[in-house]
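Going line by line, the protein sequences match chains A and B. Numbers in this note's numbering are just positions in the first sequence, counted from 1, shifted up by 207. Numbers in this note's numbering are just positions in the second sequence, counted from 1, shifted up by 425.
Heads up, none of these hints are tricks.
Below 20 Å or equal to it, Euclidean Cα-Cα: the simulated SDA-like pairs (lysine to any residue) are:
(1) Lys-323/A - Leu-521/B
(2) Lys-323/A - Glu-544/B
(3) Lys-323/A - Glu-526/B
(4) Lys-364/A - Leu-438/B
(5) Lys-477/B - Trp-332/A
(6) Lys-294/A - Arg-430/B
(7) Lys-294/A - Leu-434/B
(8) Lys-323/A - Gly-527/B
(9) Lys-397/A - Met-554/B
(10) Lys-472/B - Trp-387/A
(11) Lys-323/A - Ile-517/B
What the simulated footprint calls covered on chain A by chain B, stretch by stretch (three residues with Cβ under 8 Å from a Cβ of chain B suffice, anywhere in the stretch; the number is not a length):
(12) 250 to 264
(13) 288 to 297
(14) 320 to 327
(15) 382 to 391
(16) 399 to 408
No lab work stands behind these hints: they were computed from the structure. Cβ coordinates follow ideal geometry from the N, Cα and C atoms, glycine included.
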Amino acid sequence: MWSFFHKLGSPRWFYRISGQWLPWLMVISLALLAWGAIWGLLFAPPDFRQGNSYRIVYIHVPTSMVAMGGYVTMAVAGAIFLIWRMKLAEVAMRCAAPIGAALTFLALVTGSLWGKPTWGAWWVWDARITSVLVLFFLYVGVIALYESFENKQAAAKACAVLSLVGLVNIPIIYWSVEWWYSLHQPATIKFTSESTMHSSMLRPLLISIIGLYCFFATVLLIHMRSEILQRERTTKWVRELATGEK
Amino acid sequence: MHPVRRQRLFIVLLIIAGAGLAVGLASYALRENINLFYPPAEIAEGKAPVGKRIRAGGMVLAGSVQRQPESLTVRFVVTDYQAELPVEYTGILPDLFAEGEGVVATGVLTEDGVFQASEVLAKHDETYMPPEVQHALDRSAEQARP
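If we strip away everything but chain A, and leave its shape as in the complex, we get (with noise of 0.2 Å):
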């Protein structure tokens, strides 16, 4: 285990191995991604309110969920990279931040297309939306600080340590439709009790889900591997790749 997280730190090593997971990565997702949606869109049964504009679930859970997780990621990469003064963590740091803020913005633009024939407004400032709208900030805010610094380790630096503070938004998007009277319904995935979604809608959604994670790894990865590219450009083993020699 040890051994394995010395090597993750090694630029070399993991350029090497994530061009081996890659292509598996790439197919697994893109399979789970068409399956999901052929299967969500054409197939699921639709709503005995909503009819067929709850299909959108099918967009919209997915990207929200995946949007957060990204957050964490880039935030435990922020922290491993403080601690550790890891080059690959603040690789992946940097590398979540321009594929969350996408994520988050498809999350609030199907949420608003929804939201119009559903509750009869485009936006409403309730506490889930406004989350997530912070969400989107914080992501913008960790690529616009970086690009502000001269110094790129100290822009590192301030962008995990943003990337921190903005945790603690997670739990507060997560549970805003509990806490306070909202517009936006509570949560329909439940890990503690039975999902109030029938199973001929709820497989396709976690299909969905699961493929939407694996392709966040995936274009996470390449970005890292061009990152990681551009960053040891002037190493030994960047040249030996572009030249073909060996």
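With chain A fixed as given, assemble chain B onto it according to the hints.
Only chain B this time, still in chain A's reference frame:
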């Protein structure tokens, strides 16, 4: 663990705890303002201000919806099963508005206790099921009734 790293770990935990504490205290102080709406029970207790723009939310009482024939004005009662609040609204209601379903109305509470709504939003619950399952549930509920 190396003492320097232990110190850094301590700082990281301190950041998280500090941020959590600050946000926790702030949201505790603002807890009334974070709520999107007042339930009828709190309005009945007099917690909601009269004459100010507020939101009220709850379930539409079954059988309480009255439409005026020559206008778009609708009157209905919102309940949280503890207190009831009469609501008056002129306009088009959202598709999911129905008796026994949740709503959040924005408007003004008048002196006589009627809520004059300027906007009505449908609040959807977290249950999803196919129509056939709902029909089956309704049928078994009817059979269970004596």
